[in-house]
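Residue numbers (this note's numbering), protein chains in the order written: chain A, 1 to 370; chain B, 1 to 290; chain C, 1 to 364.
Heads up, a few of these hints could be off.
To be verified - Restricting the straight-line Cα-Cα distance to at most 27 Å, the calculated cross-link-like pairs of lysine-lysine (BS3-like) are:
hint	chain 1	residue 1	chain 2	residue 2
1	A	LYS16	B	LYS93
2	A	LYS16	A	LYS65
3	C	LYS107	C	LYS93
4	A	LYS303	C	LYS183
5	C	LYS180	C	LYS166
6	A	LYS121	A	LYS182
7	A	LYS324	C	LYS180
8	A	LYS135	B	LYS204
9	C	LYS166	A	LYS303
10	A	LYS135	B	LYS283
11	A	LYS303	C	LYS180
12	A	LYS176	A	LYS191
13	B	LYS204	A	LYS110
14	B	LYS204	B	LYS283
15	C	LYS183	C	LYS107
16	B	LYS204	B	LYS55
17	C	LYS73	B	LYS8
18	B	LYS94	A	LYS18
19	A	LYS324	C	LYS166
20	C	LYS166	A	LYS176
21	C	LYS107	B	LYS8
22	A	LYS27	A	LYS71
23	A	LYS16	B	LYS94
24	A	LYS299	A	LYS324
25	C	LYS93	C	LYS73
It is worth saying that the hints were derived from the structure and are not from the lab.
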Amino acid sequence: MARIDLNNLAHSYLAKPKSDADYALRKTDHVWEDGRAYALLGPSGCGKTTLLNIISGLLQPSEGKVLFDGKDVSALPPQERNIAQVFQFPVIYDTMSVFDNLAFPLRNRKIPPAEVQTRVKEVAEMLELVDVLDKRAANLSADAKQKISLGRGLVRSDVAAILFDEPLTVIDPHLKLMLRRKLKQIHARFKLTMVYVTHDQLEALTFADQVVVMNEGRVLQIGTPQDLFENPQHTFVGYFIGSPGMNFLPCTMQNGSACLGEIRIPIGKETEQLQGNFELGIRPEFLVLHNNPLPETYKVTVKEIEDLGNCQIVRVQLAEHTLKVKVPEGQEVPAEYGFLEFPPEWIRLYADGNLIERGVQKQPQLEPVQ
Amino acid sequence: MNKWEDNKAWFMVIPVFLVVAVSAIIPLMTVVNYSLQDIFGPGQRVYVGLEWYKKALTDSRLHDALSRQLLFSSLVLLIEIPLGIMIALMMPKKGWGASLSLVLVALPLLIPWNVIGTIWIIFMRPDIGLLGAAINNMGIPFDHTAAPFDAWVTVMMMEVWHWTPLVVLLAYAGLQAIPEAYFQAARIDGASAWATFRYIQLPKMRGVLTIAVLLRFMDSFLIYAEPFVLTGGGPGNSTTFLSIYLVKLAVGQFDLGPAAAFSMIYFLIVLLFCWLFYQVLLKVGTGDKS
Amino acid sequence: MAMTLENVTKIVAKECHIDNISLQLEPGTFNILLGRTLSGKTTLMRLMAGLERPSQGRILIDGQDMTRIPVRKRDVAMVYQQFINYPSMTVYKNIASPLRLAKVAGKEIDRRVREVAEVLHIDALLDRFPNELSGGQQQRTAIARALVKDTELLLLDEPLVNLDYKLREELRIEMREIFKRRKSIVIYATTEPLEALALGGNTAVLHEGHLEQFGSTIDVYQHPQSTRIAQAFSDPAMNFFNGTIDSGTLQLGNKEPMPLRHHLEELPPGSYQFGMRPSHLHLQRKSDDDIEFQTTIDLIEISGSETFIHIIHNGHTWISQQQGIHAYQMGQPIQAYVDLAQLYVFNLDGHRVASPKNDSLELT
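Work out the full structure: start from the sequences and follow the hints.
This is the structure we're talking about:
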């Protein structure tokens, strides 16, 4: 169990990187706390696997350091870092029994047989593998194999962190749920530092206490699922998290209002000093579509309604911009024109993609849209 | 298109069937036919039943050739398979080194068999051959045309030089197909190089090694051209393997009947061994103790 | 063109893949085949395309029997799960290939390729080769190739399944737009209820080779004829519990009997299965008509903007779907509520007896 420090870490697969674009992982400086579950989330090619491999030691970073509990491990190979890793495709030793598979990391480290026996038993019990301990690992289903991979990490008493590289890719949907639950239980019981790489938001947000959203080699935000949803630090986070993602409208700020051409949307006193070009971001869940004009609402054209059963996604046009509004099930959507309300507490402002902190920002109470 | 439903599909099979018939089935049936007759000349034949088979099975020269053949094929497998795996393990996995070593390894496979024989005749000559002369100069008398042991060593060396590359290529392809994650997992589990080989590389190469063993066994069991060019089966009968003996019988003495019966026995032996190997390797691979 | 399937059955190696399906598809309609993997979606599409022949039954096109006409002589285009393009051709040539085969004039080809490329936002990539494209772009190319020729029948077999969810979201909306304007019959197979709902049109629910229900997508969703359909067409799956109706009350175990309201009022006495959608199962009381359940939290799943709370009630696992992100402790006891007005009612055989009234839709 360990705290992981990433000190000015960067990596390029090129020998002499020239620009930022040459880096698979751009300069990253973070502390990951002991015993927490982190998920690295981002589209393919965002650098999440690169970061994972640097932590595991399969890759040497071209710049910066990785510390485990304050000890520099950047130059150490994986076997000396006391980490365990579960891969996308189950990696098991085909010719061995399940027991031998689980015992393998211990035997390689010359642990006495009696201890091997107790450790393996204990881990097998927790992973519900006791019944198959004598079976050949090769003949088991994909989810059992992934449990074995996980078990090979858990079996070691000295393990500093367990890393997961999209471990549920090849698992049947209904078994995914069971494995997710198992992972949660194991994390709750052992308080291990866990790092989980995925491109699937459901998996990342379900697994992790802290989600690390990455894009184009950069860490854009580290936060709880709620942070990512309510306060995306970057427009990409707003877009990537949530279905559908956040709406963004280019605007200029004047006297605490966002101006989209003729339309002025008041945001709040604390933004009065902001001047210039911004992007206004608001989630489809927080926009309110009314049938009748009310104060502080804006007339929009209803373009398309997607009825998803438990909610409706309505695409509306405001001036030349299209926005998505999530309308609760059962609420009637106006056929042609509606009036859109922008609750100021849910409006976020972005400049160059980054969230503008709005000074004294009152933290809104989340009220489910039901 | 479902072939069971579309009868037209059967017409498509006819050409292949004809080719196989002409190239394999008809000759085989001819051999079966010959093996049951005594042939004096064109149009003069007598049905003799299993006479030739009885004769062949009690022929001591055939027994000698068979044991010689078995020894040779076993040695071939024992040397070429481990050697091939070893070379494959040492070859670079990617980059220009990988392509270069592949070309170098594949070179012997590209040379026609008769040229191979000729190369080795010259190479091993005690007077001017690079290796032959070198050994003699070291004070060890070496002459593959005179000493049976020297002839064996020469044939073995030629065989290993010629065909190990095939095993290397197969093993290399097998190794390349192992996902990187396995090696990463092994490193994380603290596995030694030997354990990695024993528990990952070897099991994952099972399929290609099965093919390698079968191919090498069949090929070496049928070996003819190289020893024929190199030693002509001699000195004495020391390198007279099954196929060389068979040709001597059929072409040299024109005993078509006995040669045909012999061919059939030969064919069945090869078939039997291949089946045995296949079964054994299948079992070993899955590790089922049944 | 209208397509009719008459009692189509497909048996392969004694196994029934398609079991006596009859279906009538009108020109210009968008039809979804919804079902799990191996429910017969792909087989049904192959039968429609003429890639396979039914073991029994007929396939009619505009009243004419096409059962024995091979696929070459039919007017069909198909898009697969895998991104299938000609690797040695540019995107332009890939898209143009069906027109070239049909011997369309060069100018016409150029016009149509550019038009369809624009619709699919790949007009800037026409000179690239497929292996230089991302997965999404490759699939866009494959779809463009299927669209470029105005075929009478367009089959799409889970075309978005191999794309990541953001791309899926975008393409789904685009597809809806694209297919609106076409005269062909479009058939779209998917395993995901949400995708079916987002695409609209009609939906045929398939289960183990049977056609369970066919109708307008939203109607099938709101009025599933059986528990099986309700399960298949709900994501996450519908929650069920058993109860008895007697003398105008609903009785659940040892709970206080509740007076019947809304659509439940006319139900005859008896035992029933009640279904509730995850989005209707709340963890706070919402109305006086709510039924209260004692449950334990089993697992929390969080998508970007929704929380799925798995709760256990009497050994049954239910899912409550909530908008927004909420934190709960695993193992924590909690009350769950559902409004009587939102209950689906099925008899013990699984057939629908009543479903919640929906004001926006006057269908049963």
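Do the alpha carbons of B:LYS204 and B:LYS55 lie within 27 Å of each other, as the hint requires? Violated. B:LYS204 to B:LYS55 sits at ~46 Å, over the 27 Å cutoff.
Within a Cα-Cα threshold of 27 Å, do A:LYS27 and A:LYS71 meet the stated pairing? holds, 20 Å
Starting from A:LYS135, check that the Cα of B:LYS204 is at most 27 Å away, please. It holds: about 19 Å lies between the C-alpha atoms, which stays within 27 Å.
Given hint B:LYS8 paired with C:LYS107 - CA-CA distance at most 27 Å: violated, 39 Å
Tell me if the straight-line CA distance from C:LYS107 to C:LYS93 falls inside 27 Å. holds, 14 Å
Measure nothing beyond the straight line between the CA atoms of C:LYS180 and C:LYS166; if it is 27 Å or shorter, mark the hint as holding. holds, 22 Å
Between B:LYS94 and A:LYS18, is the straight-line Cα distance small enough, at 27 Å or below? holds, 26 Å
Given the hint that A:LYS121 pairs with A:LYS182, does the C-alpha gap stay at or below 27 Å? Given that 27 Å is the threshold and the Cα spacing comes to 17 Å, the pair holds.
Straight-line alpha-carbon gap C:LYS183 to C:LYS107, limit 27 Å: Holds: C:LYS183 and C:LYS107 sit about 23 Å apart, inside 27 Å.
Check whether the Cα positions of A:LYS303 and C:LYS180 lie no farther apart than 27 Å. holds, 14 Å
Keeping to a limit of 27 Å between CA atoms, is the pair of C:LYS166 and A:LYS303 held or broken? With a Cα-Cα distance of about 21 Å, the restraint between C:LYS166 and A:LYS303 holds, given a limit of 27 Å.
Is A:LYS16 close enough to B:LYS93, meaning Cα to Cα at most 27 Å? holds, 24 Å
In summary, the structure is inconsistent with hints 16 and 21 from the numbered list given earlier, while agreeing with the others.
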